[in-house]
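There are 2 protein chains.
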Amino acid sequence: MHIHELETPAVVVDLDILQRNIQSMMDYVRAHNLNLRPHTKTHKIAEIANMQLQYGSVGLTVAKSEEAEVMADAGCEDILVAYPIYGVAKWERLARLARDRRVTVSVDSLAPIEGLAAAAQKHASVVGILVEFDVGMHRCGVSGPDAVVALAREVLDRKGLEMRGVMYYPGHVWNKPAEQGPSLAEVAEKVGALLEALQGANIPCPIVSGGSTPAARNSHLVTGTTEIRPGTYVFNDRNTLGVGACTEADIALQVLATVVSTSVPGRAIVDSGSKTLTTDRWLSGSDNGFGAVVGHPDIKVVGLSEEHGHLDISASSATLQVGQRVALIPNHVCPCVNLHNRIYFHRNGEVLGAWDVGARGKIR
Amino acid sequence: MHIHELETPAVVVDLDILQRNIQSMMDYVRAHNLNLRPHTKTHKIAEIANMQLQYGSVGLTVAKSEEAEVMADAGCEDILVAYPIYGVAKWERLARLARDRRVTVSVDSLAPIEGLAAAAQKHASVVGILVEFDVGMHRCGVSGPDAVVALAREVLDRKGLEMRGVMYYPGHVWNKPAEQGPSLAEVAEKVGALLEALQGANIPCPIVSGGSTPAARNSHLVTGTTEIRPGTYVFNDRNTLGVGACTEADIALQVLATVVSTSVPGRAIVDSGSKTLTTDRWLSGSDNGFGAVVGHPDIKVVGLSEEHGHLDISASSATLQVGQRVALIPNHVCPCVNLHNRIYFHRNGEVLGAWDVGARGKIR
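Protein chains in written order, with my numbering: chain D, 54 to 417; chain L, 54 to 417.
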């Protein structure tokens with residue numbers, strides 16, 4: 054079956070591009086003696102996680118304890134929960150997983166250190182800890198070397214925990230490559246000072262975990278980094294394209310949609326709205342559109358209702374007809390995939406199968 | 054179990070408020086001799102749909118053929134698909150349902166009329182049609198009485214179809230009640246002229262379907278309207294509150310979240326981000342926040358990462374601690390619920406059970 058025989062909306066992944074993206078990030082980390090621990094939040098799919106492991110990733114990254122369970126079931130032996138998990142049931146879930154897998158959790162306060170230690174002792178396991186260090190995004194992470202040292206000592210003091218290092222997230226380094234120098238240089242300076250302080254305090258720090266797709270291929274500029282955690286690079290999207298972190302040829306995922314109404318002059322409505330694409334804005338571009346239309350740069354996705362994508366075709370010579378199909382590139386692919394239970398994969402348009410988005414919607 | 058013992062994030066519905074909201078909309082339509090055909094896109098839950106039917110709704114509204122199947126399985130005998138469905142498989146799905154249920158579909162072009170007629174003939178059923186009329190939102194719907202009459206004649210000409218009337222969506226009437234007069238008056242004028250034209254052309258029009266939560270309780274001002282299709286009224290949200298279509302006491306759904314980080318001064322991070330709340334903006338208010346924090350009007354939800362809600366607490370006297378819980382009101386409840394596989398219901402905080410969001414994520 055060809056992808057254009059699928060009912061719409063349909064999320065389709067080009068397997069050739071996906072595999073090239075996975076290989077290309079491996080090539081980058083190998084060239085710079087880094088480890089790759091991809092963030093699975095982008096796809097939440099066991100089969101893609103396994104592909105990433107087979108290509109040479111040292112393990113996987115997740116954001117939730119429930120996602121850790123899915124990736125463990127998928128066969129992953131080494132999982133980083135890059136999130137300051139809070140909650141007894143969640144800590145116990147991770148401690149149970151840690152009985153026969155390597156589980157590491159990032160923290161930036163005492164509460165999860167205490168909680169994870171208690172859970173690990175209860176389940177006779179060892180949970181690894183990375184202390185999160187804020188390098189300028191101001192989301193999570195403690196803000197100076199002293200605070201990292203203080204939390205690391207709390208980790209070292211507790212049975213059931215192993216101090217494995219530090220984590221940083223340069224999510225604010227979101228510029229085109231030519232402009233990236235200064236921000237990453239600032240990150241490098243902060244990480245350098247931190248590592249010096251840890252060494253001075255005799256704190257073991259085998260892992261220095263960084264990286265995020267936009268700046269991933271400059272991670273070697275942050276000296277001391279041992280592994281990176283990009284997620285979006287497997288599919289790419291309008292945002293990674295906008296910052297120059299990929300080319301159009303590297304965008305592996307499209308949303309196929311059908312024109313359902315052309316009643317309003319200058320407009321076309323497609324059957325993909327906010328429940329298909331998400332209302333995430335285009336962070337790296339100048340307009341406020343909700344996605345790009347492949348092959349039609351002069352068509353703007355000016356609005357999304359829940360099941361309606363509003364295309365402004367007034368500046369385009371294209372004459373869209375009811376029933377015609379378009380392919381859309383989401384602004385942000387991670388929450389887009391998270392809306393779907395299943396996405397299709399193909400080579401050259403020939404559908405080869407569908408993957409369950411197995412780690413989405415997991416709550417207890 | 055109390056709702057505060059649930060793992061977070063958790064979506065919880067206060068059953069008392071939900072039932073009061075369902076009853077109150079019934080009271081409104083009865084007082085004005087209108088029918089209620091609630092849009093199930095808001096909840097996608099069979100149990101709530103059945104509650105709406107038991108309280109006196111004449112049928113249900115859906116946006117997709119797959120949702121129509123779920124609501125038919127839930128026992129609904131009379132379903133309106135308020136969407137210009139395009140696709141052979143979707144038309145056939147609806148025609149099959151129409152063999153033993155009343156199924157009506159809105160259209161604004163010839164293609165779905167032809168497609169639904171062919172499907173209905175194939176499956177020996179009759180599909181009802183409403184012609185959609187644009188009253189000013191400029192999304193779907195033909196724009197003048199002549200165009201409605203022309204499409205209605207195409208419907209009347211075809212075996213397998215029954216012309217059941219017209220549909221309008223006053224989704225642009227999104228003002229506070231005091232300001233609502235002019236816009237609804239304009240809608241009333243357009244609908245009045247349309248009905249006159251249909252009568253003049255001898256086109257049967259038993260159903261005039263309107264309504265949407267913000268303007269729902271003024272639907273009687275649009276003379277000729279026979280039924281309304283509000284959805285959000287069951288739960289309400291920050292947007293319906295913002296336009297004065299409900300009070301705080303009418304908000305039935307909250308998202309419970311836990312503070313996971315307070316490392317950055319003036320900020321608190323909670324475990325509910327865009328994959329829990331959606332990035333839908335606050336359309337009815339002046340700020341750009343991503344939700345409201347119950348009991349803390351001075352705390353702003355200034356940003357959402359996928360699993361992080363960024364609270365600005367710099368203007369608040371509240372001192373949020375890691376592990377503390379907050380309750381959030383989503384800006385737009387419909388896409389929020391659509392992110393979850395299951396939501397909880399309670400009375401006075403006592404959890405009574407969970408509902409499957411059964412009609413979400415249905416693709417073929």
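Among these hints, one or two may not hold up.
Any copy, or any two copies together, can satisfy a pair, since identical chains are not distinguished.
[To be verified] SDA-like cross-link-like pairs, simulated, lysine to any residue; straight-line CA separation at most 20 Å:
1) K415 with N394
2) K175 with G295
3) K415 with G128
4) K212 with P259
5) K243 with V347
6) K415 with V404
7) K415 with H57
8) K212 with D365
9) K415 with A250
10) K415 with R395
No wet-lab data here; the hints were simulated from the structure.
Hints, verified against the model:
1. Taking CA atoms no more than 20 Å apart as the test, K415 paired with N394 passes in both settings, with 12 Å inside one copy and 8 Å between copies.
2. Taking CA atoms no more than 20 Å apart as the test, K175 paired with G295 passes in neither setting, with 48 Å inside one copy and 48 Å between copies.
3. Taking identical chains as interchangeable, the C-alpha atoms of K415 and G128 lie at most 20 Å apart only when both belong to the same chain, with a minimum of 18 Å there against 28 Å between chains.
4. In this homomeric assembly, K212 and P259 come within 20 Å of each other (Cα to Cα) only inside a single copy, at 19 Å, whereas the closest approach across copies is 74 Å.
5. When the C-alpha separation of K243 and V347 is checked against a cutoff of 20 Å, the pair qualifies neither within a copy, at 41 Å, nor between copies, at 37 Å.
6. In this assembly of identical chains, K415 and V404 lie within 20 Å of each other by CA distance solely across copies; the values are 19 Å between and 27 Å within a copy.
7. In this assembly of identical chains, K415 and H57 lie within 20 Å of each other by CA distance solely across copies; the values are 18 Å between and 31 Å within a copy.
8. Taking the closest pair of Cα atoms, K212 and D365 never come within 20 Å of each other, the shortest separation being 60 Å inside a single copy and 36 Å across copies.
9. With identical chains, the CA atoms of K415 and A250 are never at most 20 Å apart, being 39 Å at best within one copy and 53 Å at best between copies.
10. Proximity of K415 to R395 under the C-alpha cut-off of 20 Å is found in both arrangements, the shortest distances being 15 Å within a copy and 9 Å between copies.
Of the numbered hints listed earlier, those contradicted by the structure are 2, 5, 8 and 9.
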